[in-house]
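Mind docking chain G on chain U? Use the hints.
Number of protein chains: 2
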Amino acid sequence: MNNFIYEIPTKVYFGENQLQGNLSQEIKKYGNKVLLVYGGGSIKKIGLYQKIVNELKNSNIEIYEFSGIEPNPKHTSINEAASICKENDIDIILAVGGGSVIDSSKLISAGKYYDGDVWDLVLKKAEIQKAMPIITILTMSAAGSEMNNNAIISNKETHEKKGIKSPLFIPKVSFLDPTITYSVNKYQTACGSFDILSHIMETYFSRNSGLYMLDTVMEGLMKTVIKYAKIAYNEPENYEARANLMWASSWAINGFARMDRQPNVWVCHLLEHQLSAFYDITHGLGLAILTPRYLRYLLNENTVDRFYSFGVNVWNIDFSLPKTEVAKKSIECLENLCYKDLELTNNLSDLNIDDKHFEEMANRICSNGAVKGFIDLDKKDIIKIFKYCL
Amino acid sequence: MNNFIYEIPTKVYFGENQLQGNLSQEIKKYGNKVLLVYGGGSIKKIGLYQKIVNELKNSNIEIYEFSGIEPNPKHTSINEAASICKENDIDIILAVGGGSVIDSSKLISAGKYYDGDVWDLVLKKAEIQKAMPIITILTMSAAGSEMNNNAIISNKETHEKKGIKSPLFIPKVSFLDPTITYSVNKYQTACGSFDILSHIMETYFSRNSGLYMLDTVMEGLMKTVIKYAKIAYNEPENYEARANLMWASSWAINGFARMDRQPNVWVCHLLEHQLSAFYDITHGLGLAILTPRYLRYLLNENTVDRFYSFGVNVWNIDFSLPKTEVAKKSIECLENLCYKDLELTNNLSDLNIDDKHFEEMANRICSNGAVKGFIDLDKKDIIKIFKYCL
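Residue numbers (my numbering), protein chains in the order written: chain U, 1 to 390; chain G, 1 to 390.
Please note that a few of the clues may not be correct.
Intra- or inter-copy, both count: the list cannot distinguish identical chains.
[Said to hold, decoys possible] No more than 25 Å apart at the CA atoms, straight line, and that leaves these computed lysine-lysine pairs for DSS-like:
# : residue 1 : residue 2
1 : Lys130    : Lys340
2 : Lys124    : Lys340
3 : Lys387    : Lys156
4 : Lys11     : Lys29
5 : Lys323    : Lys227
6 : Lys28     : Lys130
7 : Lys172    : Lys28
Treat the hints as calculated values from the structure; they're not laboratory data.
Here chain U stands alone, though its shape is the one from the complex (with noise of 0.2 Å):
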């Protein structure tokens, strides 16, 4: 267990018509001038845009916009932003959306105050050294990007997506409306609920053991993803469901779960960050095609004990039959509510994925040597897994 620093000040107003009064009074404490940055048009298409534009305009707060963030968001994209808030001194970034639009909002903060291209900030080629505030209205819970530090930005030239922390990226306030978040199709649903187990998962499943009482924490996070995923994808306007995976995506990845087990190494991660970089698939489909076979991978007699936790805690498997059985069972359990329950994709093959690039997105990986994850991964290891999901 390690010492640990814990400090997260987002302000988050949670539950329906939040936005009223809050959001200008929130945005007024940082500025006047706001870029408004969304994705596509699905939030003029709810109403969420005209809200927005409504409630700042009513507090003559100037508004500048940049939309078109797409998932996997591009660096480039990010200058462009960049220059807009150079040109026109703006005070304050409103991100609307998802985690694309938000980690993209985050590296605009800081290319503000950076003169060149912002992939040197990501590839640490130079340090940022100031970032405009934030403020979110969450769109699709999933990335957890609305409450922690982090970053994930993609680069199309050299396939590249990598992830780049600061404490200035925090999010100063986030708005979290379950409602806002009926409008999620089926698919981004599921991709979005396995995105948000996957980050409990990699830290539940890591070498370094911490508290206990964050054990059940976690186990408690994931009882609640796989209860109102399943809920989520088949009543989209079920309030208490969107609502639990909401706050649930938030705590996933905020932080309070891991201090306590640091390094700790995100293989499955790892690996879907190569895959959307090559092959630009949903991130929460990556992860939901890897992680139940670098769970077989990772299953022997040193890994078992925290499976069979996983399993009977988590899955509700009867906890007198014998450890091994119970881990394998969790791993089935996983399966099926990836594959059966929430009906997505098992395999790369299916998406014309080929093993083409292993090799060099193994590579990639091992650049610094072995993975530390659960256990150590060398190149074969990640080829293995990678060749498993075809």
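Then chain G, alone, in the frame of chain U:
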């Protein structure tokens, strides 16, 4: 389920040896004149006092002291300390202790800016306009004051013990070092642990349902306290036990688990505050005597489902048993924890308390009508519960 605003900005340094360098750096963000508030001599005995003084002196921080804060802290002491802050224009309070010291420091911090008796603030005769920043070093896992907006203060003259809340009370920084609690004696460890457990139970057994996710978090916290209270009781220097109790104590009552289920009346705390106002008994002991009786009083066919979850998810009672049987067993488990494992006194008579003041105590509790806990409780109900405790 209610809408809520989540905001818990306290920065926490968790673990061993985090004071050096960090403490003075954090203090200096707020000023150079610090009032060091503590209780008796225990922080001198364990060498903590000297460590703090060395650290502050090395950084040229000017130290004023106010010691002798007692359990169930009194408003008169707080008035004295507030005067010191006024006279010397103190910048920041460093509270070193458990709940009593931190709660007192919160009211001292507001007292500096109020010309009059701080009891006026507790009675809401005057509003808290401003307060000094507070940094805490926790010496006992129990009250959870190190991460929340609440203070409990007693008035000896009027036999009153009351809570007061303000966002200005939330500590800026708290240092949580489990090894500091190694010297907490067995009795205080038992009482403190039950206090933590009660903070969770008071929300878990409440009339307003909330997010399932937070139910699972509360169940995890309760399992944690139950597991480690016994270990810390028997092995005071068990780091794992002290660490789990310490972090659980903060999360039991920092607001996270209950923001979504307001109003949330804390019935056992209401009753216990009368007990300790009249008899000055240890808060955790009062709760341990009251809670099992309250639960027995509460159990009926409308409330049994909650007891069933408590029994199955917290105490691992066989889920296939009839609900009422699980419910009754769960209360027995709790009694075993309190009166066998933690060897706490199981009745008020042994503390020389009789029914003399029960009528008046119940009158005070019901001054605004029936208590709307999990079920409605009127004066007669409350007197009955007190009498069960004799």
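Intra- versus inter-copy proximity for Lys340 and Lys124 (alpha-carbon distance at most 25 Å): Neither way: Lys124 and Lys340 sit 42 Å apart in one copy and 58 Å across, limit 25 Å.
Intra/inter-copy verdict for Lys172 and Lys28 if alpha-carbon distance must be at most 25 Å: both (12 Å within a copy, 23 Å between copies)
Intra- versus inter-copy proximity for Lys340 and Lys130 (alpha-carbon distance at most 25 Å): Classified as neither: same-chain Cα gap 46 Å, cross-chain 57 Å, threshold 25 Å.
Intra- versus inter-subunit Cα pairing at 25 Å for Lys28 with Lys130: both (19 Å within a copy, 22 Å between copies)
Up to 25 Å CA-CA - Lys156 versus Lys387, copy category: Cα proximity of Lys387 and Lys156: one copy only (24 Å, versus 73 Å across).
Copy assignment of Lys323 with Lys227, given that the CA separation must stay at most 25 Å: Answer is both: 24 Å inside a copy and 22 Å across each meet the 25 Å cutoff.
Alpha-carbon proximity between Lys11 and Lys29, which holds within one copy, between copies, both or neither at 25 Å: both (13 Å within a copy, 21 Å between copies)
The structure shown violates the earlier hints numbered 1, 2.
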